Each structure stands twice: as structure tokens, then as C-alpha cells.
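Chain by chain, the residues:
There are 2 protein chains.
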Amino acid sequence: MSLTRLLVATGNAGKLREYREMMSDLPVEWLTLKDVGLYGMDVEETGDTFVANALLKAQAYSQASGLPTLADDSGIAVDALNGAPGVYSARYAPTEAECRTKLLGAVAEVPTALRTARFVCLIALVVPDVVTMYTEGRVEGAISYEERGTNGFGYDPIFLLPDGRTMAELSSEEKNSISHRGRALKKLQPFVECLVRNA
Amino acid sequence: MSLTRLLVATGNAGKLREYREMMSDLPVEWLTLKDVGLYGMDVEETGDTFVANALLKAQAYSQASGLPTLADDSGIAVDALNGAPGVYSARYAPTEAECRTKLLGAVAEVPTALRTARFVCLIALVVPDVVTMYTEGRVEGAISYEERGTNGFGYDPIFLLPDGRTMAELSSEEKNSISHRGRALKKLQPFVECLVRNA
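In the order they appear, the protein sequences are chains A and B.
Residues are numbered in our numbering as their position in the first sequence, beginning at 1, plus a constant of 639.
Residues are numbered in our numbering as their position in the second sequence, beginning at 1, plus a constant of 639.
Quick caveat, the hints were computed from the structure, so don't treat them as lab data.
Among the hints, a few may not be true.
In silico lysine-lysine, PhoX-like type, Cα no more than 25 Å apart, as pairs [as the list claims (entries may be wrong)]:
(1) 826/A <-> 654/B
(2) 825/B <-> 826/A
(3) 654/A <-> 826/A
(4) 825/B <-> 654/B
(5) 826/B <-> 825/A
Between beta-carbon pairs, the in silico distance windows are [claimed, not checked]:
(6) 750/B <-> 659/A: 28 to 36 Å
(7) 664/B <-> 789/A: 34 to 42 Å
(8) 680/B <-> 828/A: 28 to 36 Å
(9) 679/A <-> 837/B: 56 to 64 Å
The structure displayed is predicted, hence computed values, not measured ones.
Beta carbons: idealized from backbone N, C-alpha and C, even for Gly.
Isolated chain A, as found in the complex (with noise of 0.2 Å):
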């Protein structure tokens, strides 16, 4: 099984970004729903975890294109919410405007000390007829008072760092070496360059 092009599914263009910065180093063709003539190829999230949803995207698109996948699922998870909007934060709200909208009024009346979130990623990799594996990655922040910072994607404006900034005034760079995202890829890479070495 060669892993000298591997697949990215996911649509979301900040998404793709993302990943194609952090893994840019290795010797990979990374390919797109589009380059593979799935872009219409919906998959129903119907897990109720994280990982459950990045399995059920890695499995399909990789059955449908037998190449090596990667598929995330990731969201926000408010604690003063019982992790909600959690598995369902991209259909929170119609657009990422009005997840956004809709959670900060969620948590109108929430107190600072008490408005504590995480951000998490789980990325599934399926090779086909190899192996399948998932790792995770989380951030630590909370929800602020009103959106700041123009970078980023999603809630990103509204998730509050430790350091008092949100996650869309960071640079590209500096997000990808904290986020979740950029955290579970960081685990997986390893991974992948053991599968390049290999084919």
C-alpha cells in the first residue's frame, strides 16, 4: 500500500489549509474531495462522539476512493453547556456566523469563572486493507463576551486563550502549533511518515 498520495476529507477550506501547512514537510501528494470527484459525496455524522464521526468519514471516503484518508471531527465543547454544542457544533446554527451568535447568547448569562471550553479534534486515518488509527487534541480556553479577531474559522473569535486573546487573533502559524487540530496532527504524523517510509 503506497502512501505517496493520501486524501483529505474534509470540504471546509480553513480545514484544508490547516492541514496541508502542518504537513507540508512530507513527500505526499495531498489530494481533495474535488481532485477525486467526491465533493458531492455527502456523509451522515451520525456518531455521538468525535471519534465515532471521523471514523464514519475516513471509512467512507476511503472505501469510495481506496486511497488512504484522513477525516476530522472536531467542535467545542462549553462545560456550562454539558459539553453542547459538542458533536454538533458545525450544524449549531445554519452559519458559522450564527453558531458563533447563538452560543454567545448560550452563555449570556454564564459567569466569567464558570465560562470554561475546550476545543477538540479527533483526525481518523484509514488505510485501506492496513490499518485505521485516530488521535486527539485538545485546547483548554473560554467562551468571551464578544467576537474578536478577523484569522481563523468557526468559533475561533469567541474561544478566549489563557493568554487573553481568542483564537482568531493568532497568526496561522502560531495556531496551527497550539490548536486541536494542529495537536492531533502532531501525534498522527509520526504515523504517516512510518506509512511514506514503508511504501
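Mind docking chain B on chain A? Use the hints.
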């Protein structure tokens, strides 16, 4: 995360011997549940797939020991019985000998051409806070009409290979090279090596 110590979470002496024989090249200290004081700890195999059960066990013992942990779930799937006994293979009857007798009885009326079956093995490796992975191995065969051979364990004496021998008529070296567990381990080995190198 050092991988110089690795827990093999099985209480089955036959499986443990196979693991040690097959992975003996690696510079790893293989620990058993007994070695880490977890021999009495029971993990309920509540999953309805081999992979779910292998993950349940690897996660539970890894959490209890803090060690990188290998666990497997395996069994025999008989086509004429719609895949039974499957994940229930080890609990099909009280003893291994009774399991074989019961299975021979269950397919007693099934003609030779329809006695096809396969051994399936899922091996899960959990490295705490790093990665979870699993591989699958299969071997295709058929259910014999009577027991033959004294090597191996479990259903080996009634599992006919394409060459006419039962799995229990193979030497342990032959069995390791073609068995479901051997195939799953062979797929996993490069990643264990990768972990050892990065330890």
C-alpha cells in the same frame, strides 16, 4: 511516551505465546496482565463487533496500567450460521472443547460446499495520550466434520484450510505466518516499530 514496555492484555496463554513469538524481534519488554497486577480485572465485551471489543479492552487496560496496551478480539464466523458465533466465539460454550462440539453440531447437516468460514482477528493498540489504532487479519477456510490436530487452541482443530489440513495441524511457525492473528500483527508491526524508534 516511551514504548519500551508494552502490555499484552490477554489472559489466554495460547494468544500470549503467539504474540511473543511473532513480535520477538522488537526491543520491547512484553508485560502480561499478571505482570502489572491486573490479572483479575475483567472487562466486559459488550461490543457487537470485534473492533469494538478489542478497543474496549485495550482502552480499559491501558487506562488502568498507564501503559501502551495491545488487546485483541477474535473469533470464527461461519457463513451457514450468518456469521455466528462471531464475537461470541469464546463464550459459545463453557469450555474450548465444548465450543468445538457445539459448532460441529450446529453445522452437522450443512453440506461440504456450504461450510465456509473465516477466522477474524482485530488487534487494537492504545498508546495513552498519543494514538489509538487497530488492524484486522482474516483467514478463509471451512468447518471440518471432526477434530484433527493437536496444535493451536480454540476452534483450530475444526477449521479446515484450503490445503486440507486443519489449523491445529500446522506448526506454530506455520500458523503464525498465515493465521488471522498473525496477519493482523504483521500489519501492526511497522507502527509498533515506529513507536519504539520514537520512544
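Pair hint residue 654/A and residue 826/A, alpha-carbon separation not exceeding 25 Å:
holds, 17 Å
Assess, step by step, whether the Cα of residue 825/B is no farther than 25 Å from the Cα of residue 654/B, and give holds or violated.
Holds - the C-alpha atoms of residue 654/B and residue 825/B are around 15 Å apart, at most 25 Å.
Lying within 34 to 42 Å: is that true of the beta-carbon distance residue 664/B to residue 789/A?
violated, 53 Å
Outcome of range test on Cβ distance (residue 750/B, residue 659/A; 28 to 36 Å)
Between residue 750/B and residue 659/A, where Cβ atoms are some 56 Å apart, the hint is violated.
C-beta pair residue 679/A, residue 837/B: status relative to the range 56 to 64 Å that was hinted:
The hinted range 56 to 64 Å is violated for residue 679/A and residue 837/B, with Cβ atoms some 39 Å apart.
Below or equal to 25 Å on CA atoms is what counts here, so check residue 826/B against residue 825/A.
OK: residue 826/B and residue 825/A at ~22 Å, within 25 Å.
Residue 825/B and residue 826/A: Cα distance at most 25 Å?
holds, 22 Å
Given the hint of 28 to 36 Å, check if residue 680/B and residue 828/A actually sit that far apart at their C-beta atoms.
Holds, at about 33 Å.
Is it true that the CA of residue 826/A sits at most 25 Å from the CA of residue 654/B?
Not satisfied, since the Cα-Cα distance of roughly 30 Å exceeds 25 Å.
Checked against the numbered hints listed earlier, the structure breaks hints 1, 6, 7, 9; every other hint is satisfied.
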